[in-house]
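Colleague: Per numbering that gives the first Met the number 0, the very first residue in the sequence shown carries number 0; after that it's consecutive.
Hints may contain errors.
Label pairs and their computed distance ranges (CB to CB) [said to hold, decoys possible]:
id, residue 1, residue 2, range
1, 410, 198, 27 to 37 Å
2, 407, 431, 25 to 35 Å
3, 301, 206, 37 to 47 Å
4, 318, 100, 32 to 42 Å
5, 356, 402, 40 to 50 Å
6, 329, 228, 53 to 63 Å
7, 92, 318, 23 to 33 Å
8, 329, 434, 46 to 56 Å
9, 431, 224, 15 to 25 Å
10, 231, 146, 22 to 32 Å
Keep in mind that the hints were calculated from the coordinates and are not lab data. For every residue, glycine included, the Cβ atom is placed at its ideal position computed from N, Cα and C.
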Amino acid sequence: MKVYEEKAAVQEVSRRTWLKNSTATVVGGSLLAGLDVARFAHAAGSDLIKIGFVGCGNRGTGACREALSTQGPVRLVAVGDLFSERIERSLHNLLKRSKLRERIDVPAERRFSGFDAYEKVIQSDVDLVLLTTPPHFRPMQYAAAVKAGRHVFMEKPCCVDAPGFRLLVAANEEAKKKRLSVVVGLQRRHQQNYLEGIRKIHDGAVGQIMYLRTYFNMPGGREGARKPDSMTEMEYQIRHWNLFCWLCGDHLVEQSCHEIDVANWIMEDHPVRAQGMGGRQVRTGVGTGDIYDHHAVEFEYAGGVRYFCQARQQPGTWAHVSDNVHGTKGSFTIGTGAWGMGAVTPRELRAKKIRGDNPYQREHDDLFASVRGSDPYRFEGDYAATSSMTAVLGRMATYSGQMVAWEEAVKSTLALAPQSYAFDAAPPTVPNAVGLYPVAIPGVARAF
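Let the hints inform the model, and build the full structure from the sequences given.
Modeller: Listed below in structure tokens is the structure:
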């Protein structure tokens, strides 16, 4: 397997390019309506959609369950993961559901483990692949799926660094040329209260936007076990991927990308710069990896609108997830913690609640409907790549303590990647003698 690398030359991703791409390809596909026949090539005269599944963790198994629960004939035919026992556990859990059993046909010869498992799944006789491995691997796996002509569901975030972002951008262009349907696990884009709330904001409910606030504050911190002597450092880090920046991007990227995506959605743009702060106050011992436990970022959009983003993972702290917009006519809150939508203005202080369908299921329903042609063409790769990179921009700011411009960030050559992929290879970070990893120090750490 080749080391993570860029397939396209470093290119400037301007606001104008981003706006053009996101406007043209989110939903509807009117610019390419005459090419819809390409969307049905998967079936060869049949409605059956054959699924390949890569990344058999808890979220991946949930995504596979939701894909198998869509309308119309589907069949899971190939599965891959770095670890064979995860494949067996995932299939066991899926097969426990009687309604899914007849949709699963994965004999031993189509169960692939190892670092090249994703390539084997993609090259199997599949029409669509689910990519739910740790985020570090997303760009290379997505690019491989697009090259093979597969429709894609991929989990968020879509990259952890700028080289990964540029690989996504290049793959997106190829995917659109091939008319591939792509949906990303930023499920708020499929969630009724968010769809309704942001429609109201775009229709002028708050007037001219002055600033935004989002929160992804959780009362617990992730902590892993000490590395067993029998396990290599590479295997240990991948098994505890959500504690290592090179694998997850830090929780600002891995979790708060949801709220960052909502801010970009509201603003219909990405920020032009960011500055912020963060650190580790409770995540200090062995088994806590190298990521921060808190971040606070101030993003600035063109025109001067500020967006204030909080992200925290600390036990015993205030738990809150919400998106808040403040404008010249009032304020608007969309909160996932309350599972509702609230419009708050000087004259309206009572929240209105709208309950919608399960957004995790809805995103798969929308993807498979796009593949079948029963719904408009859906391509989410552009905004997903941009929102993932926006989160990376925020991490660059908090880790370095510097003001970081978008145009500088997207050109960064700082790749969070090992020299090679093997269990006996060295990961990008290694612990000291007592098991502690180097941690980014603001004012010292490289921004980009």
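Colleague: Compare the structure with each hint and give your call.
Modeller: Against the structure, the hints come out as follows:
1. 410 with 198: 27 to 37 Å: holds (35 Å)
2. 407 with 431: 25 to 35 Å: Taking Cβ atoms as reference, residue 407 and residue 431 lie about 31 Å apart, which means the hint holds.
3. 301 with 206: 37 to 47 Å: For residue 301 and residue 206 the Cβ distance comes to about 18 Å; the hint is violated.
4. 318 with 100: 32 to 42 Å: holds (37 Å)
5. 356 with 402: 40 to 50 Å: holds (41 Å)
6. 329 with 228: 53 to 63 Å: holds (60 Å)
7. 92 with 318: 23 to 33 Å: 28 Å Cβ-Cβ, so the 23 to 33 Å window holds.
8. 329 with 434: 46 to 56 Å: Given range 46 to 56 Å: holds, Cβ gap about 51 Å.
9. 431 with 224: 15 to 25 Å: holds (18 Å)
10. 231 with 146: 22 to 32 Å: Since residue 231 and residue 146 have Cβ atoms about 30 Å apart, the given range 22 to 32 Å holds.
Hint 3 from the earlier list is the only one contradicted by this structure; the remaining hints agree with it.
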